[in-house]
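Chains as they are written, first to last, in the working numbering: chain A, 1 to 273; chain B, 274 to 560.
Since the hints were made in silico from the structure, they are not lab data.
Hints may contain errors.
Stated by the list, open to error - Coverage of chain A stretches by chain B, computed from C-beta distances (three or more under 8 angstroms per stretch; other residues unrestricted):
hint	region
1	37 to 43
2	109 to 117
3	122 to 130
As the list claims (entries may be wrong) - Computed cross-link-like contacts, DSS-like style, restricted to lysine-lysine with a CA-CA straight-line distance of at most 30 angstroms:
hint	chain 1	residue 1	chain 2	residue 2
4	B	Lys317	A	Lys94
5	A	Lys260	B	Lys330
6	A	Lys9	B	Lys317
7	B	Lys317	A	Lys260
8	B	Lys363	A	Lys4
9	B	Lys330	B	Lys317
Ideal Cβ positions, reconstructed from N, Cα and C, are used throughout, including at glycine.
Residue-level listing of the chains:
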Amino acid sequence: MNKKTLPGKIVRAVLCVIFCVFAITPIYTALIVSLTPYSNILEPQLFPHYLEFKNFIDAFQLIWRNVLNSFLYACCATAMTTLVAVPAAYVLAKYRFQYRQAMMFILLMTQMMAGIVILPTLYRMFQSLGLLNSRGGMILVLTGINLALVVTILHGYFSTLPIELEEAAALDGCSYVQLLLRVILPISGPGIAVGAIFVFVNSYNEFVVPLFLLTEANKYPLTLTVYSLLSDTTIRWHIMAAASLIGIIPPVFIFTFFQKYIIQGITSGAVKG
Amino acid sequence: MKRSQRRKIILSLLPLVLILCFVYGYPLLRVCTSAFLGFTGSAKGQFVGLKNFILIKNDIPKTVMITLIWTFGSVIPAMVFGLMIAMICKENFRGKKAVVAINLLPYAIPLIIVASCWRFVYNPDFGIINVLLKKLGLVENSITFLGIDMALFSVILARVWRAMPFAFMNYYSALTTIPQEQYEQACIDGAGTIQRFWYITIPNLKAITGSTFIVLIVWTFLVFDIIFGMTGGGPVNATKTISMHIYQEMFSMKNLGTASAWSLIAILVLVVITIIYWKIMNKEEKA
Numbered sequence: 001m002n003k004k005t006l007p008g009k010i011v012r013a014v015l016c017v018i019f020c021v022f023a024i025t026p027i028y029t030a031l032i033v034s035l036t037p038y039s040n041i042l043e044p045q046l047f048p049h050y051l052e053f054k055n056f057i058d059a060f061q062l063i064w065r066n067v068l069n070s071f072l073y074a075c076c077a078t079a080m081t082t083l084v085a086v087p088a089a090y091v092l093a094k095y096r097f098q099y100r101q102a103m104m105f106i107l108l109m110t111q112m113m114a115g116i117v118i119l120p121t122l123y124r125m126f127q128s129l130g131l132l133n134s135r136g137g138m139i140l141v142l143t144g145i146n147l148a149l150v151v152t153i154l155h156g157y158f159s160t161l162p163i164e165l166e167e168a169a170a171l172d173g174c175s176y177v178q179l180l181l182r183v184i185l186p187i188s189g190p191g192i193a194v195g196a197i198f199v200f201v202n203s204y205n206e207f208v209v210p211l212f213l214l215t216e217a218n219k220y221p222l223t224l225t226v227y228s229l230l231s232d233t234t235i236r237w238h239i240m241a242a243a244s245l246i247g248i249i250p251p252v253f254i255f256t257f258f259q260k261y262i263i264q265g266i267t268s269g270a271v272k273g
Numbered sequence: 274m275k276r277s278q279r280r281k282i283i284l285s286l287l288p289l290v291l292i293l294c295f296v297y298g299y300p301l302l303r304v305c306t307s308a309f310l311g312f313t314g315s316a317k318g319q320f321v322g323l324k325n326f327i328l329i330k331n332d333i334p335k336t337v338m339i340t341l342i343w344t345f346g347s348v349i350p351a352m353v354f355g356l357m358i359a360m361i362c363k364e365n366f367r368g369k370k371a372v373v374a375i376n377l378l379p380y381a382i383p384l385i386i387v388a389s390c391w392r393f394v395y396n397p398d399f400g401i402i403n404v405l406l407k408k409l410g411l412v413e414n415s416i417t418f419l420g421i422d423m424a425l426f427s428v429i430l431a432r433v434w435r436a437m438p439f440a441f442m443n444y445y446s447a448l449t450t451i452p453q454e455q456y457e458q459a460c461i462d463g464a465g466t467i468q469r470f471w472y473i474t475i476p477n478l479k480a481i482t483g484s485t486f487i488v489l490i491v492w493t494f495l496v497f498d499i500i501f502g503m504t505g506g507g508p509v510n511a512t513k514t515i516s517m518h519i520y521q522e523m524f525s526m527k528n529l530g531t532a533s534a535w536s537l538i539a540i541l542v543l544v545v546i547t548i549i550y551w552k553i554m555n556k557e558e559k560a
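Required output: the full structure, derived from the provided sequences and hints.
Take a look at the structure:
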């Protein structure tokens, strides 16, 4: 439209640099610390003085089981959430029935609810059901807190599908399950992908739920292990930094490669800030 | 409605409803009852009326104050900075893709690792801010960012860092939907940059500003991980928001009653904000 003048370009460049430096600083600092041997940890460094890659090996040996746990919880929660959300979102999008609005409101409510307000009583409930420290219980809660998000995303997506699809399928003698599996699922790939990406990252990043529901260290997800490093009496800063950096690789990777889907998800108004 | 259709609807919604009842329904019900039960004598609890609220009464004013500062102090800057970076990225320039990717990055990082990373930044010995300030000769002794005077500001800055990408993305995609003709027409009419921003950009961003603001408020005011990982609510309760109270009543005091009392207060706030949000969204859909 209009060409930027030179001063305009300079202002833009300066602002870009400031914002990018702000966004990078914490990760950059963690990188410096993670490359420093423990004996030199208190040395002030603006640029890395050391390249102690051994820290990463030590950290990896300490946390790899927890990373696997995180993956297990996140994958199971993603699969379960999608499985439950697809039929629910479909009927909410395609049919008008009595409690539809109420359902939508309840979903919004659960989405607004932070885990911390229900976790004390959920903890007691799990205690009396003997579900503390159960992986299945953990996955069920992760599914519950992510359902509203996926239903909302899919609801928006399904609303755009023409109703003729269903009528045609009915003429061909498709049952409802067949309709969902053979007709709706294949053309809903992008919508389901957006939802699944967010459930996976949310579950991988979740900290408060396992903090309440898990006490056995061998079941800890990565986030809880990072916290236990953080709360040690003598903090091993170098290991903590390396563990943090290893831990952010999966979500950062996903966010970088699926940026298009992420932006779609955020702007669908269904995603936590 | 046909019977087969009704059965289809019920069966499709049943798993969803069951899971939500299990994860939210029953625990919420228990929060509402436990807030009025005492758990000192028995684990089951007996009715004590408003005693739990009287117990936490003295902490309420300070906690509400800290929670408000924490919430608005991080949401407003996050939105202002998010809008700024979105305005910059609206136009095409070299390196734009990298700028977008880098400014989206904090959004991917688990909140507890946000806490650990910022503890590196704030560390008095090797923290990069102190190192820089000392190198530039601006301070002689390290600033204790997580000390009693600065702690609340420091955790807020970490939250701004994490919330900015959300505001940025919302504004970024809202800006691309503003019809270009409006700007062209304004150019022909001789409007300057500032006038175009004031008369075209701002009115077009009203809706997205409202919804982003509400969503960020709701999700910020009960954020737990960042504060828990950086200060644990201290020093001397300087960063003790409502969510920190809930945790500490539950696990340090082992009192489900007072923990539920704090929870109930938070839930009431959540319900009010959700209703407001619901009204706004429905109005927009109809408009």
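Checklist entry - In ascending order, which of the hints set out earlier in this document are inconsistent with the structure? => result Hints 4, 5, 6, 7 not satisfied by this model.
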